[in-house]
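This is what each chain is made of:
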Amino acid sequence: MGKIDLNRRNFLITASAVGGGLTISFAALDSNAATPPMNGPWGVATTNPELTAWLSIAPDNTVTVRSAMTEIGNGAMTQTAMTIAEELNCDWSKVKVEFAPPLRNYKEDNVYSKVGGRTGFFSGRSTNEGNIKGGLQIGASARVRLQTAAAAEWKVALADVIASDGVLTHKASGRSMTYGQIAAKAALVKLDAEPSPKPQSEWTLLGKKSPGKLNNPAIVDGSAIYGMDVRLPGMLYAALKQSPVHGGKLKSYDAEAIKNMPGVVAVVVVDPAKTPGTADRDKVPFGKYGIEDSLAQHAVAVVAEHYWQARKALDALPVTWDDGPGAQWKSTEQIYDAALKALEKTDGKVAAEAGDISVLEKQPKIVEATYLTPYSEHACMEPLNGTALVTPDKVEIWHPSQHAEQAFWVAADEAGVSPDKVVYNQTYVGGGFGRRVFGNDVRMVVAVARQVPGRPVHVIWSREETTRQGRYRPMFAAKMRAGLDKEGRPQAISSRLATSKAPPTIGQTNGLKNTPYLASQIPNVRLEMQDLPFHLMIGPYRGPAYNALAFVTETFIDELAHAAGTNPLDYRLALLASYPDPGWAMCLKEAASKAGWGKSLPKGMGQGIAISNWPGSGKPQSGTTVCTVATVEVSKAGEIKVHSLDVAFDTGRILNKDAVHTELEGGAIFGFNMAMTEEVTVKDGRVVEGNYDQYPIARAGDVPKINIHFGGLTGHDRFGEIGEPPVGTVGPAIGNAIFAATGKRIRTQPFSKVDLSWV
Amino acid sequence: MAVQLKINGHHQVIDADPSTPLLWVLRDHLGMTGTKFGCGIAQCGACTVHVDGMATRSCQVPVESVDGAEITTIEGLSQKGDHPLQKAWVELNVPQCGYCQSGMLMAAAALLKVNPKPTDEDINESVNNICRCGTYSRIKAAIHKAAEASQV
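So the protein sequences, as listed, match chains B and G. Using my numbering, you'd call the opening residue of the first sequence number 1 and step up by one each time. Using my numbering, you'd call the opening residue of the second sequence number 1 and step up by one each time.
Each computed DSS-like pair below joins lysine-lysine, with the alpha-carbon atoms no more than 30 Å apart:
| id | chain 1 | residue 1 | chain 2 | residue 2 |
| --- | --- | --- | --- | --- |
| 1 | B | 208 | G | 145 |
| 2 | G | 145 | G | 87 |
| 3 | B | 744 | B | 636 |
| 4 | G | 140 | B | 657 |
| 5 | G | 145 | B | 657 |
| 6 | B | 133 | B | 657 |
| 7 | B | 753 | B | 705 |
| 8 | B | 705 | G | 145 |
| 9 | G | 145 | B | 94 |
| 10 | B | 479 | B | 641 |
| 11 | G | 140 | B | 96 |
| 12 | B | 208 | B | 705 |
| 13 | B | 96 | G | 87 |
| 14 | B | 155 | B | 94 |
| 15 | B | 744 | B | 486 |
| 16 | B | 208 | G | 87 |
| 17 | B | 96 | B | 190 |
| 18 | G | 145 | B | 96 |
| 19 | B | 619 | B | 501 |
| 20 | B | 705 | G | 87 |
| 21 | B | 594 | G | 140 |
| 22 | B | 94 | G | 80 |
For the record, the hints were derived by calculation from the structure and aren't laboratory data. Keep in mind that this is a model prediction, so the values were computed, not measured.
The task is simple: from the sequences and hints, build the whole structure.
Spelled out as structure tokens, the structure:
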């Protein structure tokens, strides 16, 4: 039972809330430049009665859910609403989603992030345990408060009020009303105890239905507002150029040369030394490393009334740079040579050790192989951009971030203000893949805009600037060495990795150290790391480290299978035979059987298999296991055609089958492109590739047939994530298939640059 | 210099640098942001609009070169977002991040006008825009679905 809370606190909270909604409206265009709180270019956030900070219900029965997670295309926003709706029993056709405002979170004791922790505002992890439990509780509490208010209104017992499809019903008296009709009163109900959500077995939406993304209608009519689409009264545009050699400095520029060009308002310089910083840097979601990952680069920007004016003036602006130490890296080959040389060093830090590695050299067969994977660029369709309005009283941001709370803090840090002065409005995000997590983009936006105070400044990176100022998937070199016993089973594996020095926010051993092989199934293990001083900036890229090391690990396992004279599928099944997670064997068998593993193929065709797990805690029955079988054809001239990728996976259970299907398919294509063609190269310290003509992304006619299979699901009680896992196993599956087809073992990516011709 | 365009049925007089790409006239001067900036070199197709009925990558079209032309953008593809392609896109849950999808839809709409029943190969050739999320198989399925719906 509950009671009516008369202190009206909920209404006061509503009135002071800030943030943007998703209702599309251009009302803001007609308003004054000093936008009131709650105004975003896409409309005004709801002021309907709030049941909690997460939820409000309008008199017309529209349910507005606030999602802390941003929406990058993985459906996290829709998943948040689904989770709450499962317990709320509302009418799904009347559900809308807004983005939860980080300022409110800051002011109200982490009201949003206490559910999801430091990834509460992150674009992924919508199905992790905290978010599911939290969402169900929010829905259940709101429903019981609605029922309580109706029971009070009708003077009937709470137990006799049924809540279903957004309608409250009292059967005996035949009375009913919508949630919207009683929401204002329900908002005042305070429960003595939180109700318990129903058991999973009674779910009717989660795992049962597959609604499409709630923002699809706005996407297909062009009304969805991405960061690039923010339009504000009095808005200026800025075109940005950063030091072409990462870490370099601005030496000189000649603003006089362009100041009379049409529309030019200002030329501004970004100097990292001038970042004012905010107090409480340790409160940033990723801590001090989150700040370090977001630091500014030396840059110059032209601000103008229109974008094209800014762009033309920037192109005409004479600029010289002091390249700094990065210029020592004359070519990509020089970087690769340094990495390969580092693999010969014996003073690396030990990242994993088990058993006695000296056992390795005593085995009858030794296998050794060296691998190399390149830098890769996220190449999100929406170039980097953002908008900021800096005034003496506040800093207002409109931004496509993958982590709204991180961006909020970085904006405060760059503006040098307390976070309670930062009004952060999240927009849709035109692709993330890890590129927009740490907030280096929002920092550059604020760094430019604070030099043009009083007018909103929309800062746009050109495609070339976006590509050349990446935070890349780092290159990896790896030397693997195994000792096989007389049955061909590895008794010991040693591994040396060489890669860019990385902060702890970016994993360096995912896909190797945390695989069942190294974590538990092979008794004697040693893994050493060498951190290299390369200048290229790096960052998380869909499945950090795993996207490279799953290739290393699963190619090497394939080599061991070949050395043992065993079928690569059977070899893996034997290695994993004692592993207490049936999902691995189930995924291997499912992908293999659906792909017709073992069928006879003409010469020049072959199949390859690979399996791994993301995020890979090294513990059984955690994360998401993915197995991919590639079926490829290689012409004698070396042209490769990937006919199909068969993907099986184990997330434990799933919540939205269609959402899982599309993420797996897209992730497999992402992994395909990464393995086949992607490579960021360097000349005289500068990144060579600028646009899609030099950094090709697979188009409709380039991609293989992707077959997604659900037979690997174990039903274990977890909802593993699905965005990153499919990326890692595609490359090794294709590489192993190339070996099966041609006898050529591929140990470097991208495959398009490897000579695959055969006789 | 003023350029005259007919955009989604409405006459517009544009006062902009004549070399400004049509894309930026739409997005910046007219505030029509459904047409996206992706690459600026006519590679990715996110900026696809119809110029006199032809699918055109607007980032490489100086506005002076289309003086007097009829332009259709995603905002004008249908009155209520109910073009058969838009309906199929929602039914099949095609978009992921969605940024490329207005360009995909405009390319697909132009294809269906000249080829009401395209094959997969026709689609590969005509709707060869880039989608980094990898929604290609759903795009194809939605085009086929819209093609069937239009023929009933």
